[in-house]
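Undergrad: Given the structure of chain A, go ahead and fit chain B onto it with the hints provided.
Read off the chains here:
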Amino acid sequence: MELLEVKNLRKSFGDLQVLKDISMNVGEGQVVSILGPSGSGKSTLLRCISMLETADGGSIVYCGKTGFTEKDGTAVYADKAELKEIKSYFSLVFQNFNLFPHYSVIKNITDAPIHVMKRSKDEVMKEAEVLLKKMGLADKGNYYPYQLSGGQQQRVAIARALAMKPKMLFFDEPTSALDPELTAEILKVLKELAAEKMTMLIVTHEIDFARSVSDHVVFMDGGVIVEQGKPQDVIDNPSNDRTRAFLKKLEQ
Amino acid sequence: MKNIFMRIAAAGLAAAAALTMLTACTAGSEEEERTTFSVGFDAEFPPYGYQDENGEYVGFDLSLAEEVCKRRGWELKKQPIDWNSKDMELKTGAIDCIWNGFTINGRENDYTWSTPYVDNSQVAIVRKDSGITELSDLSGKTVAVQTDSSALAAFEGDDATDENRALAESFKELQQVGDYNSAFLNLQSGAVDAVCMDIGVANYEIAARGDEFIMLDERISSEEYGVGFLRGNTELRDEVQETLIEMLDDGTFASIAEEWGLSDSVCLSADDTVTDTAKKEDVSFGKKLANISGRLVKGVGASLAIFLLTLIFSLPLGLLVAFGRMSKFKPLSALVKLYISIVRGTPLMLQLLVVFFGPNFLFGINTSASYRFYAVIIGFTLNYAAYFAEIYRSGIQAVPKGQYEACQILGYSKSQQFFRIVFPQMIKNIIPAIANEVITLVKDTSLAFAISYTEMFTLAKQVAASEATIMPLFIAGVFYYVFNFIVAFIMERIEKKLSYFR
Numbered sequence: 001m002e003l004l005e006v007k008n009l010r011k012s013f014g015d016l017q018v019l020k021d022i023s024m025n026v027g028e029g030q031v032v033s034i035l036g037p038s039g040s041g042k043s044t045l046l047r048c049i050s051m052l053e054t055a056d057g058g059s060i061v062y063c064g065k066t067g068f069t070e071k072d073g074t075a076v077y078a079d080k081a082e083l084k085e086i087k088s089y090f091s092l093v094f095q096n097f098n099l100f101p102h103y104s105v106i107k108n109i110t111d112a113p114i115h116v117m118k119r120s121k122d123e124v125m126k127e128a129e130v131l132l133k134k135m136g137l138a139d140k141g142n143y144y145p146y147q148l149s150g151g152q153q154q155r156v157a158i159a160r161a162l163a164m165k166p167k168m169l170f171f172d173e174p175t176s177a178l179d180p181e182l183t184a185e186i187l188k189v190l191k192e193l194a195a196e197k198m199t200m201l202i203v204t205h206e207i208d209f210a211r212s213v214s215d216h217v218v219f220m221d222g223g224v225i226v227e228q229g230k231p232q233d234v235i236d237n238p239s240n241d242r243t244r245a246f247l248k249k250l251e252q
Numbered sequence: 001m002k003n004i005f006m007r008i009a010a011a012g013l014a015a016a017a018a019l020t021m022l023t024a025c026t027a028g029s030e031e032e033e034r035t036t037f038s039v040g041f042d043a044e045f046p047p048y049g050y051q052d053e054n055g056e057y058v059g060f061d062l063s064l065a066e067e068v069c070k071r072r073g074w075e076l077k078k079q080p081i082d083w084n085s086k087d088m089e090l091k092t093g094a095i096d097c098i099w100n101g102f103t104i105n106g107r108e109n110d111y112t113w114s115t116p117y118v119d120n121s122q123v124a125i126v127r128k129d130s131g132i133t134e135l136s137d138l139s140g141k142t143v144a145v146q147t148d149s150s151a152l153a154a155f156e157g158d159d160a161t162d163e164n165r166a167l168a169e170s171f172k173e174l175q176q177v178g179d180y181n182s183a184f185l186n187l188q189s190g191a192v193d194a195v196c197m198d199i200g201v202a203n204y205e206i207a208a209r210g211d212e213f214i215m216l217d218e219r220i221s222s223e224e225y226g227v228g229f230l231r232g233n234t235e236l237r238d239e240v241q242e243t244l245i246e247m248l249d250d251g252t253f254a255s256i257a258e259e260w261g262l263s264d265s266v267c268l269s270a271d272d273t274v275t276d277t278a279k280k281e282d283v284s285f286g287k288k289l290a291n292i293s294g295r296l297v298k299g300v301g302a303s304l305a306i307f308l309l310t311l312i313f314s315l316p317l318g319l320l321v322a323f324g325r326m327s328k329f330k331p332l333s334a335l336v337k338l339y340i341s342i343v344r345g346t347p348l349m350l351q352l353l354v355v356f357f358g359p360n361f362l363f364g365i366n367t368s369a370s371y372r373f374y375a376v377i378i379g380f381t382l383n384y385a386a387y388f389a390e391i392y393r394s395g396i397q398a399v400p401k402g403q404y405e406a407c408q409i410l411g412y413s414k415s416q417q418f419f420r421i422v423f424p425q426m427i428k429n430i431i432p433a434i435a436n437e438v439i440t441l442v443k444d445t446s447l448a449f450a451i452s453y454t455e456m457f458t459l460a461k462q463v464a465a466s467e468a469t470i471m472p473l474f475i476a477g478v479f480y481y482v483f484n485f486i487v488a489f490i491m492e493r494i495e496k497k498l499s500y501f502r
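Residue numbers (my numbering), protein chains in the order written: chain A, 1 to 252; chain B, 1 to 502.
Same shape as in the complex, but just chain A:
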């Protein structure tokens, strides 16, 4: 079953068309990686899917529910109630974590479940402790974000996203702000999630990671999907010149 169906997505900033006719799917339990050089539009694609940006045209269906479709050349979004439902299907982990600096780790994780989802505090706290343990941060619950390393902060951010119990998780270059050692911490967490069959869509620069964990790889350049398929095909035997050039550059 497809949890995410993107069709003919378009997005411009002023005169600059950043996304030109993007179509891709993410199936349940799949891990999909989006690769591509800077400025290729991959982050904008993820932000359109996360609804942080408003699309110009095309359509996206989340878990069978239509987020928006194109009518008379513009994207028409679903009504408020439906959008709220759709937004509960996914969560996003940011490149810069975007933790709330004035909340402790545990409060960062539990605040939205308690006050947005209106769930019982005891239950949420118990789950949060399990999540922290899973992230290797069992003893950090009362710390404030500034007291943690970047890798630890990103793991809190992942725990915060998981606490909302999304059907799929989006990652926007989750390791770009981290040095290699801390990057490994995060990739380990992502691999564990993949093993648990969490549906994930990841924008990343980590080729090796994409190869080992992804079911499907999308390579973007210049606002279009240049090629997509299994990682063995796209990464190891790219058919497109631009993919080859990009991969070669990364090897150097």
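Hints in this document: simulated from the structure, not taken from any laboratory. Idealized CB from N, CA, C, for every residue including glycine. A portion of the hints provided could be inaccurate.
[Said to hold, decoys possible] Sample of chain A residues at the chain B side, in silico, Cβ under 8 Å:
id	residue
1	Leu52
2	Lys87
3	Leu92
4	Phe94
5	Asn98
6	His102
7	Asp111
8	Met164
TA: What follows is chain B alone, placed relative to chain A:
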């Protein structure tokens, strides 16, 4: 580097020393041969001394002084002064005399006087339609007098008659105002029911302001005007006195009096003799300090009330203004922007005047006496809300965009986003700027004097005027410093409390 600083410092010291010597020299030479004669006067006291439509300082007293200077070969310096500071001006030598419809009665021992040249009486002016016809009608009414004026002395001074004291007791309130213009504005707007003042001034004011006001026939008191010199400065007094009598003899004095319509009140006579007063005996420092502090304490409450009420109203109002300023609804944000621009671009003192007198001028509403305090609070609140709004706005805009995106992804509502996430971070961002404003507010409370609200600084100036010392002002300074020290301490504690996150 250090060397340069030392040199600059040394040069500065040398310059200061030279300047001190220079002033000392001029002061010394003045005793031998005087070249200038500096007259202190209240520039809002027609017809004795005021600013005419050409911006020139003119008046009966100034004309007399001019003539005296002409005959003595002195250069006249007309020095408008704040009436509350007249004694300090005189003491420091900034002025040579007070010549400004200056009442001798009750001040006989405070100055070295010329003989009286004007006999004046204190009268009451009321609105024509008020129905007040005699002094006893003023019972239960609000009556205005100028700060430290003869009218005030007639009611409350040491030499006030029992009759006048009883009359003052029967008033609802005896309101002190800074100048006659605001006294008449108060009278016109209904904030006061009567203004008491010198008859000469009263005649002038009624002529100038039309038939809206009338003078009661009954007199409150009679009094005499003289030229006041620093106690003990008989030498200068004798010179001026001599020339005045000379002018009286050749008729110049009478013609100047006629020119100013004061022929009825002048009383200069060669038969009067000057009296010399001994130096004032000194009251012990400690006793004086205790006395003055005790009198200032009454004003502390008023200053505190302005301070606290302004904060209570302007802090939340500022947030609303900030929202209006950041609103996507263009007309609203433009309107709010205009409001902030006007408030920040004009003096707070002017804003207070507009809030207090505006309702009467614009809509003809009669303002009650209690409105004075409300006007202070409204004026301060409107002013500070504008400043706070800009601080809030900067604090809100300093919260990173990522915080809003995280809220959006986590499904926070707009109000949850603001109150749970943005607001606490904004507070941390703006604490130093808010602390600055709060400290300024402590000092700004003194501006309430603009509409004659008696807070601590106004009281300090009044006490300074009556005691002829600047000690009350220093005590007031200490009060403001201590107050601000506490404010700074509290703000620092809040800042520290918020340092749990970064």
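Undergrad: Which of the listed hints are broken here?
TA: none
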